[in-house]
Amino acid sequence: MKLLPSWLREFVDVPADDQALARDLTRAGINIEGISCEREHTVFEAEITTNRPDAMNHYGVAREAAAIYDAELKALSAEAPPSSAAAGPGRVRIEIQDAEGCARYTARIIRGIRIGPSPEHIRRRLELLGSSSISNIVDASNYTLQEMGHPTHAFDLDRLAGGRILVRRARKGETLKTLDGVERKLEPEDVVIADAEKPVALAGIMGGSNSMITPETRNVLVESAWFDPAPVRRTARRLGMHTDASHRFERGADWGGTALACARVAKLIVETGGGELDGDEIDVVARQVGGATVKLWESEIRRILGGAITDPEVPRILQRLGFAVKVNLDESASYAVKVPTWRLDVEQQIDLIEELARIYGYDRFPDTLPSFAGAVVELPAAKADSVARSTLLALGYSETISMSFISAEAARQFSAAGLAVVQNPVNDEASAMRTSLVPGMLAMLERNLNRGNATARLFEMGHVFELIGDRTDERPMLCIGATGDAMPQSVHQPARPYSFFDLKGDIEALLGRFELGRVECELPDSSSPAGWLQPGRSARIVADGAALGQFGEVRPGALPELKMRQAVYVAELNLQRLYERGLRKIRFQEPSRYPAIERDFSFIFPPSVHFNEVRSAIDAVRIPELRGFAPIEIFRGGAITAGAYSLLLRATFQSNERTLRDQDVADWSVQITAALEKLGGTLRSQ
Amino acid sequence: MGSSFILIPSPCKGDTRVYSVPKLDDYSLPALDGLAGDLTSALKAESAAVRNEQEWKAFRDRWLSRKSGIVTQLNDLLKAAPKESKREVGQRVNQLRALIEEQVAAAGRQASAPGRAGDQLDITLPGIRRPLGAEHPIIRTMNEVVAVFKAMGYSVAEGPEIETDYFNFEALNFPPNHPARDTQDTLFIAGQERKPQRERLVLRTHTSPVQIRAMMASPPPLRIVCPGKVHRRDAADATHSPMFHQLECLAVDSNITFSDLKGTLDHMCKALFGSSVKTRFQPSFFPFTEPSAEVYVSCPFCGARGCRICKQSGWIELGGSGMVHPNVFEAVRGYGYDPAKISGFAFGMGIDRMAALRWDIHDIQLFFEGDVRFLEQFA
Ligand SMILES: [Zn+2]
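So the protein sequences, as listed, match chains A and B.
When we follow our numbering, the leftmost residue of the first sequence carries the number 1, and every step to the right adds one.
When we follow our numbering, the leftmost residue of the second sequence carries the number 687, and every step to the right adds one.
If you're looking for bench data, these hints aren't it; they were derived computationally from the structure.
Ideal placement from N, C-alpha and C gives every residue a C-beta, glycine not left out.
Careful, some of the hints might be misleading.
As the list claims (entries may be wrong) - So the derived list for chain B, only partly shown, Cβ under 7 Å to chain A, looks like this: (1) A820; (2) V832; (3) S1029.
Work out the full structure: start from the sequences and follow the hints.
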């Protein structure tokens, strides 16, 4: 909101220029975000926090300035112009039927006014504050709102049927055309101002056009009421309305200020529109709001703020802000503090302590570091997370972060469980919480290819979400994506495209850092939703019987909206399952001092034999001195039967106790040969 | 079968183990395999050692020369083999000859490769670089702030990104229908209407719910730092994203004061931005802290003189903080948090904005696009 420092200075003698005033207000919590100069007037742009509706006007901010500078705050005059008619209540009956919705209703009646423009000084102020001048009657209300913050409303008295004002809940089926011209359907939760026949205003939000001020208006009723925040907020939200009045009532207006605001508006109307007050103020009180007494202990101030604020400063600061303070009243508290009706945000001791701290000045508190007696407890996954991340970075993958939202179709493609759908998504095309990191990864790979980045290696670690009944299942996942070259072309070597086995090797390196037993690659489960992977060029990772994830070449058209220009490889792993196994424990073994012996075996295998069976067969032989066993070369074609393949295997033997004898190696070679022959292999040299 | 290696004097390199085909008494398969293995190892070792044209010619002659090359020695071996072993020996000799020819050819290609002009490499050619992965700028910034807090004795805590209304709002002293909720631009999970309000699911709008979860998990004293993703209903543009990252810290003990909050955050800023920065605390409002403060750090980019990044103010807004509100402790009183006996402070900051300021990134969407040209700059 906008503020005019020149107006503030009418209420308090500020011993500082506008710049310094803005700075000092900001440091006390009245945030002046900008200072501008319009038509030779300084205008502050203030951002007032929601808890301080009392400071959303000039007098309220002047009160803050008075507290900051310890200067006198001038009183606002409540003197109404003399009433010509007979003394006694005006000739309108006011009744509050809904005490919950309306705690107080103060009104004044003015007769014989003339509608016209406001005088120059009112028009100029309203315009500087960004509120356009409408007519002397409407401006009186707006000017008072800027001045002291209490929303008021003026009705055309002659259009109020039966000369009555009734504050009640709306009846089912009632409607009201509000001042903005919109026909509103009312509900029984809405608090309305009604005359004898019909609603004439939405309480605390907007007046109705059936009772609005027109150029023909001669007699008016000025309303200054206190409406409860909850129903105002409920109705305003349901109807999608937000007005200056609702903004303040929702946050808590000043119950004690209704009469003053009413008198200020009436005075302005009579000054600018002529007319005469008819009778005295009509003030109907349904209940009292605010004005509670809060106990404040010296010890509590010290416990929260330390010893910076000394004893005599405490009542002084609070009194400057309008609190009434009784010192050392009795044994039960150091201070009894009566809260002014405009400070509904102050309910308990801590609220007073904040008042002390901010007026004293945050920057005057010393900086200290707390002593600490606790221990640092690492999250179980924190170390694992950092190991996984550093391994992938070392393998040449860059970390990415993609949006948590994906399309509902994609989310369904990757999960058979319930989706967590966002009710009010930012983008209707991405309304589901992701069930997999794969769609996001594919989109990022596609984006890179479309932008001419032909090689990309990425990974993302993040949560996926499912809704299972009433419960959400939120799991950390890892997604790895790659496309393009594993090694770029250079003068030293030709380019080598990234392949399935690059991805597999990197996954092996990653899994190798965790305490996993046997890790197997299996064909993807045909019933799983992994239809995004290319059959025959993809696999499921199973560690000790538990599925960890899947990886491979992505099937073209895996996501209909994505068009890849080249092969892309993606893996998705369940990090929770991986982390459950813990990081690999280091088990040190003395390196052998005896020489290792290598032996190569060349076998021809039928196509049905996979390498993992070869490995299992060798493992089953159980030769403790067999330290390594690796496939070195594979040949197909040539003299080899179609489909079959020749596999060159290299075994490394070594003992920690002795130099191996040729006979040992010869014996083991025979055992290995026998095991592989049993598997269907043929030793090539035979 | 003895050792396959004999020691011969070499004129230029001193004593070197040079391979020659041994005489065989035993023509069994293991013996033949052993011989083939030794020969292959020696061949590969010599081939790899070839550095230039001249060395390659010597290498080629040693293995292929008709007079005394290894291939000729292999043929001699075949001739010497007993009749019943001729077939196996012959097959192996053929395989080995093919391998020798292949290796000699490969070494020849290597010897004439670019960068090899005689003995001299063109050392100005680019090296063979393995790609390094780049840490994401947001993760990197987050880790740096976490490290500062860890050094002060804070433990890392985490919580879910889909939260209940209770943890995201109610326990943090945002009563239902409170206007302060409006400032949070909450994204709601659909289909929650039938549940009581406190059980309804929302995307957490801040990392502060982790405060409640951490206090429920362990009694005071407590010092935690919680980095994580948060979501708000903000359309994506250069300065907004519906998903972003926050980092929260919470310290609770029997003796924590507002000065400790100031001192801790001042220390954090000096650790992150250098010892010359200053901090400023400005009153603010957050339902879950009181007194509440916005934290500002003097602009480290211009030394607080005023620049584009700090919008000429000399100050950069870092985040929100405050003393934990007694109503928050009230929500976890049953877990050992009596608001009359303990006190604490909390601080929260946006990581994405900090990273954007730090590297002068004008469009925060770049963080979430996965473009390698962006990411690889942070390697
Ligand atoms: Zn700067």
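Original post:
Looking back at the numbered hints, which does the structure fail to meet, lowest number first?
Top reply: Checked against the structure, the only hint that fails is number 2, while the rest are satisfied.
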